[in-house]
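Engineer: As a plain string of letters, each chain reads:
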Amino acid sequence: RKEVEQDPGPFNVPEGATVAFNCTYSNSASQSFFWYRQDCRKEPKLLMSVYSSGNEDGRFTAQLNRASQYISLLIRDSKLSDSATYLCVCHFGNEKLTFGTGTRLTIIP
Amino acid sequence: EPEVTQTPSHQVTQMGQEVILRCVPISNHLYFYWYRQILGQKVEFLVSFYNNEISEKSEIFDDQFSVERPDGSNFTLKIRSTKLEDSAMYFCASMIAWGEKLFFGSGTQLSVL
Chain A
1 RKEVEQDPGP FNVPEGATVA FNCTYSNSAS QSFFWYRQDC RKEPKLLMSV
51 YSSGNEDGRF TAQLNRASQY ISLLIRDSKL SDSATYLCVC HFGNEKLTFG
101 TGTRLTIIP
Chain B
1 EPEVTQTPSH QVTQMGQEVI LRCVPISNHL YFYWYRQILG QKVEFLVSFY
51 NNEISEKSEI FDDQFSVERP DGSNFTLKIR STKLEDSAMY FCASMIAWGE
101 KLFFGSGTQL SVL
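Line order of the protein sequences matches chains A and B. Residue 1 is where the first sequence starts when you use the working numbering, and the numbers rise one by one after that. Residue 1 is where the second sequence starts when you use the working numbering, and the numbers rise one by one after that.
If you're looking for bench data, these hints aren't it; they were derived computationally from the structure. Some hints could be false.
[Claimed, not checked] Straight-line C-alpha distance at most 27 Å; calculated BS3-like pairs for lysine-lysine:
no.	chain 1	residue 1	chain 2	residue 2
1	B	42	B	83
2	B	57	A	45
3	B	42	B	101
4	B	83	A	79
5	A	79	B	57
6	B	57	B	83
7	A	42	B	42
8	B	83	B	101
9	A	79	A	42
10	A	79	A	45
11	A	45	B	42
12	A	42	B	78
13	B	101	B	57
14	B	78	B	42
15	B	57	A	42
16	A	79	B	78
17	B	83	A	42
18	A	45	B	78
19	B	78	B	101
20	B	57	B	78
21	B	42	A	79
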């Protein structure tokens, strides 16, 4: 089983719709979780951290389910500028952060 | 906002040549990383560096790779004898403390011909 697995995508979603991504992780000792966003040929940029109680930042909501070992990202009222690849990132307690393969999202006008 | 800077943005080299990729992490950060991303693939961990030594490395980071922090600001990745499969975007990243957010530089696109 891969360390971090994400929805395969691509997701093609009309503007204004709500879209959700899931990510599962294999290491139950995982310490920290993040969602990063990556635009084509650019560096990953932090979108939001994911907290145990769940957290919201504007149109974005992140949830963590430790029992089932998955995290999710919900985007409401999607905008054209949300088109990107969304990367699930886990910190397994060693030095490195491990990235999922990413889910590509395209918002359609 | 402070940022991680990388140079050059693009590097073209011949197979078998040595390349050095340079990075200036955010000044008060303590953990430094190199990641790479082959076109169309995932972001892969190469190496982490803390307290002036390698703290972890992946199986990709073989004897052809080395890292240095020669002074208080620069963090370099050297590939001794480049192979075609080393062609990728190489990202430097830094983190202020363990478990915190990772900040990435804009990357160096390495093309090995």
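Engineer: Would you mind marking each hint as holding or not holding in the structure?
Structural biologist: How the hints compare with the structure:
| no. | hint | result |
| --- | --- | --- |
| 1 | B:42 x B:83 | holds (19 Å) |
| 2 | B:57 x A:45 | holds (22 Å) |
| 3 | B:42 x B:101 | holds (19 Å) |
| 4 | B:83 x A:79 | violated (41 Å) |
| 5 | A:79 x B:57 | violated (39 Å) |
| 6 | B:57 x B:83 | holds (19 Å) |
| 7 | A:42 x B:42 | holds (13 Å) |
| 8 | B:83 x B:101 | violated (32 Å) |
| 9 | A:79 x A:42 | holds (19 Å) |
| 10 | A:79 x A:45 | holds (18 Å) |
| 11 | A:45 x B:42 | holds (14 Å) |
| 12 | A:42 x B:78 | holds (22 Å) |
| 13 | B:101 x B:57 | holds (19 Å) |
| 14 | B:78 x B:42 | holds (21 Å) |
| 15 | B:57 x A:42 | holds (24 Å) |
| 16 | A:79 x B:78 | violated (41 Å) |
| 17 | B:83 x A:42 | holds (23 Å) |
| 18 | A:45 x B:78 | holds (25 Å) |
| 19 | B:78 x B:101 | holds (25 Å) |
| 20 | B:57 x B:78 | holds (14 Å) |
| 21 | B:42 x A:79 | holds (25 Å) |
Of the numbered hints given earlier, the model fails hints 4, 5, 8, 16; all others are met.
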